[in-house]
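Asks: Throw the hints in and build the complete structure from the sequences for me.
Going left to right, the sequence shown walks through residues 1 to 104 as this note's numbering numbers them.
Source of the hints: derived by calculation from the structure; they are not laboratory data.
Note that the Cβ used here is the ideal one computed from N, Cα and C, for glycine as well.
One or more of the hints may lead you astray.
Under the rule of at most 27 Å between Cα atoms (straight-line distance), these lysine-lysine pairs were calculated in the DSSO-like manner [to be verified]:
hint, residue 1, residue 2
1, LYS29, LYS5
2, LYS5, LYS42
3, LYS51, LYS31
4, LYS31, LYS50
5, LYS13, LYS50
6, LYS5, LYS51
With beta-carbon atoms standing in for the labels, derived distance ranges [stated by the list, open to error]:
hint, residue 1, residue 2, range
7, LYS50, HIS97, 16 to 24 Å
8, ASP68, ARG88, 14 to 22 Å
9, ASN23, GLU89, 33 to 41 Å
10, ASN49, ILE12, 35 to 43 Å
11, ILE91, ARG53, 34 to 42 Å
12, LYS50, ILE12, 33 to 41 Å
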Amino acid sequence: MARRKALNQELIKLLGSSNVYFNPPESIKLKYPCIVYNESNKNLLSADNKKYRLLNQYQLTGIDRDADHGSAVTDAILESLQYCSLEREFIYDELNHWVLRLFY
Numbered sequence: 001m002a003r004r005k006a007l008n009q010e011l012i013k014l015l016g017s018s019n020v021y022f023n024p025p026e027s028i029k030l031k032y033p034c035i036v037y038n039e040s041n042k043n044l045l046s047a048d049n050k051k052y053r054l055l056n057q058y059q060l061t062g063i064d065r066d067a068d069h070g071s072a073v074t075d076a077i078l079e080s081l082q083y084c085s086l087e088r089e090f091i092y093d094e095l096n097h098w099v100l101r102l103f104y
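Replies: In structure tokens, the structure reads:
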């Protein structure tokens with residue numbers, strides 16, 4: 001849990017606001033721009049028949065009304081977080097979405 005909280009603080013810093021949500025319930029009203037993320041998998045790295053590192057995989061979704069700002073935040077995340085990649089981009093309900101995969 002400490003690693004996830006560290007990730008949360010890093011995302012707040014990169015977004016420039018506290019609109020970062022981990023597994024938000026449907027009842028919560030999101031404030032934009034925001035990042036919504038959840039844990040999607042765990043990867044256990046091993047070598048020589050020994051387990052040596054557990055990486056949590058997260059799906060991050062950046063949501064912004066302003067495509068340029070959202071793209072800049074996405075670029076900052078990709079540059080700052082080593083094991084991160086862009087999965088796809090789409091527009092839904094007049095909001096721009098960037099979906100990223102992160103191992104952290």
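Asks: If a hint holds in the structure, say so; if it doesn't, say that too.
Replies: Checked hints:
1. A distance of roughly 21 Å separates the Cα atoms of LYS29 and LYS5; the hinted pair therefore holds under the 27 Å criterion.
2. Between LYS5 and LYS42 the CA atoms are separated by roughly 17 Å; this keeps the pair inside 27 Å, and the hint holds.
3. A C-alpha spacing of about 40 Å is found between LYS51 and LYS31, which places the hinted pair above 27 Å, so the restraint is violated.
4. Taking the CA atoms of LYS31 and LYS50, the gap is about 44 Å. The hint is violated against a cut of 27 Å.
5. At roughly 35 Å between alpha-carbon atoms, LYS13 and LYS50 are farther apart than 27 Å, so this suggested pair is violated.
6. Pair hint LYS5 plus LYS51 holds up; C-alpha atoms about 24 Å apart against a cutoff of 27 Å.
7. Between LYS50 and HIS97 the beta carbon distance is about 40 Å. The supplied range of 16 to 24 Å is therefore violated.
8. Evaluation of the 14 to 22 Å hint for ASP68 and ARG88 yields a pass: the beta carbon distance comes to about 18 Å.
9. A hinted range of 33 to 41 Å is violated for the C-beta pair ASN23 and GLU89, which are about 22 Å apart.
10. Taking the beta carbon of each, ASN49 and ILE12 are about 40 Å apart, inside 35 to 43 Å as hinted.
11. Taken as a hint, the range 34 to 42 Å holds for the pair ILE91 and ARG53, whose Cβ atoms sit roughly 37 Å apart.
12. The supplied range of 33 to 41 Å is met by LYS50 and ILE12, whose beta-carbon atoms lie about 35 Å from each other.
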